[in-house]
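2 protein chains.
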Amino acid sequence: MNCLSVLEDHRTVREFLPDPVPEEDLRRMVHLAQRASTDATAQLYSFVRITDRRLRQRIADLAGGQRHVLEAPEFLVVCADVHRLERLLAFRGVEIATIPHLAFLFGTVDAALAAQNLAVAAETMGYGIAFIGGIQNGPDELVDLLRLPRGVYPLVGLCIGKPARRPERRPRLPLEAVLHENVYRGYVEETLEIMYNAMAPVSPTGDWLSILRRYFGRGGRMASREDVVARTLARQGFG
Amino acid sequence: MNCLSVLEDHRTVREFLPDPVPEEDLRRMVHLAQRASTDATAQLYSFVRITDRRLRQRIADLAGGQRHVLEAPEFLVVCADVHRLERLLAFRGVEIATIPHLAFLFGTVDAALAAQNLAVAAETMGYGIAFIGGIQNGPDELVDLLRLPRGVYPLVGLCIGKPARRPERRPRLPLEAVLHENVYRGYVEETLEIMYNAMAPVSPTGDWLSILRRYFGRGGRMASREDVVARTLARQGFG
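Chains as they are written, first to last, in my numbering: chain A, 1 to 239; chain B, 1001 to 1239.
Don't read these hints as lab results, they were simulated from the structure. Be aware that one or more of the hints could be misleading.
As the list claims (entries may be wrong) - Pairwise CB distance ranges (calculated):
(1) 1061/B - 186/A: 36 to 46 Å
(2) 214/A - 1126/B: 39 to 49 Å
(3) 190/A - 1057/B: 30 to 40 Å
Here a beta-carbon is modelled for each residue, glycine too, at the ideal position from N, C-alpha and C.
Only chain A is shown next, with the shape it has when bound in the complex (with noise of 0.2 Å):
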């Protein structure tokens, strides 16, 4: 399948048929994720595939319930990772630097290039796929439960299965929106509107606010989880 349609035909996918993803498919998901760029060499990232019943449970339950993060056949923890690079650097002598939040930068940026790919893999395999910001609501019981080391933070989790229902895509805002020219471009009220308006397919009543504010406004879910992820990312050294 042309890569530009399977990027163009992206869309979460949250309801997934049982059967499960062949081995040698999902290894060939991590291989693809691997092949993404990477700083330094330094492939800062982890994946923690989660086959264990009770696990996928509690997680679902960390996530608020969500009910595909115990139903999909694969599910994994994209995970930021420099435990690895400073195992690998003792082991020859060599101590690591005190980088707390380069180690974050480039470990976020690394998972994340990597995920996307293993994402784009899947859907060109026939998969959907759900990234999950849910488990930020409690990375502090999933360091615990996935006995993640310091050095080593949950970012998003990730489903992967055969879609039994492929929603309709989501609207994105226009590309001005998220395209500078040299230097920034402030949004006027009427970019804003506009702004709004593209969005507003995203729910059925057309009202992209409701979702911003539930997420993102004052006491809404980011910042109930904003106090457990500082207190997490400091736990795991990173700054």
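Once you have looked at the hints, place chain B on chain A.
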């Protein structure tokens, strides 16, 4: 071209033909970048396209004199961006929550997912790409040059153009090194040795350690960037 082959064949291109990238190709890449998954529909990223030659020269210098930053027909700065979201919410009378850690986490993940889609789209269309981590040498100066408002942080650069030369593909760690099951599996010495062997083809002398040490060892490149990155993140409102 088959999408799995595009992912498989990725290599970083650092020598470009001078041919300009047609505007419609660039727009198609950005459009497909926008199709990537994004947490809570928020699209927390921006691309700044650098067409000004003096600005490009300054960024190439910042990145350590990388000629391909100057010579690539297109160069984008990939940014995590919660400024636009803040403006969107404020426009409707909603105050954004104080979430410096989550904003950076989801902004960076969103930006990297989109950037990887852009890279895959470019490669499908016959272009070569190089991600440029070296902009972290001077994120403070980049914030000034690109006039990035609080809420926007420059993560990586991205060179795009027709390849003048396609280098060999770089090696990657064994798949087992990045894939865990249910719990994070630590690394024993034998495994670390296998990793060094797998990565040896990364340099003519078979010496992966020297690259890792140069970047990540005490007194290395990452260490020299840590303070300015920490300071610039704080200045831009990220935790």
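Hint-by-hint comparison with the structure:
{"no.": "1", "hint": "1061/B - 186/A: 36 to 46 Å", "in the structure": "27 Å, violated"}
{"no.": "2", "hint": "214/A - 1126/B: 39 to 49 Å", "in the structure": "42 Å, holds"}
{"no.": "3", "hint": "190/A - 1057/B: 30 to 40 Å", "in the structure": "35 Å, holds"}
Hint 1 alone, counting from the list given before, is not met by this structure.
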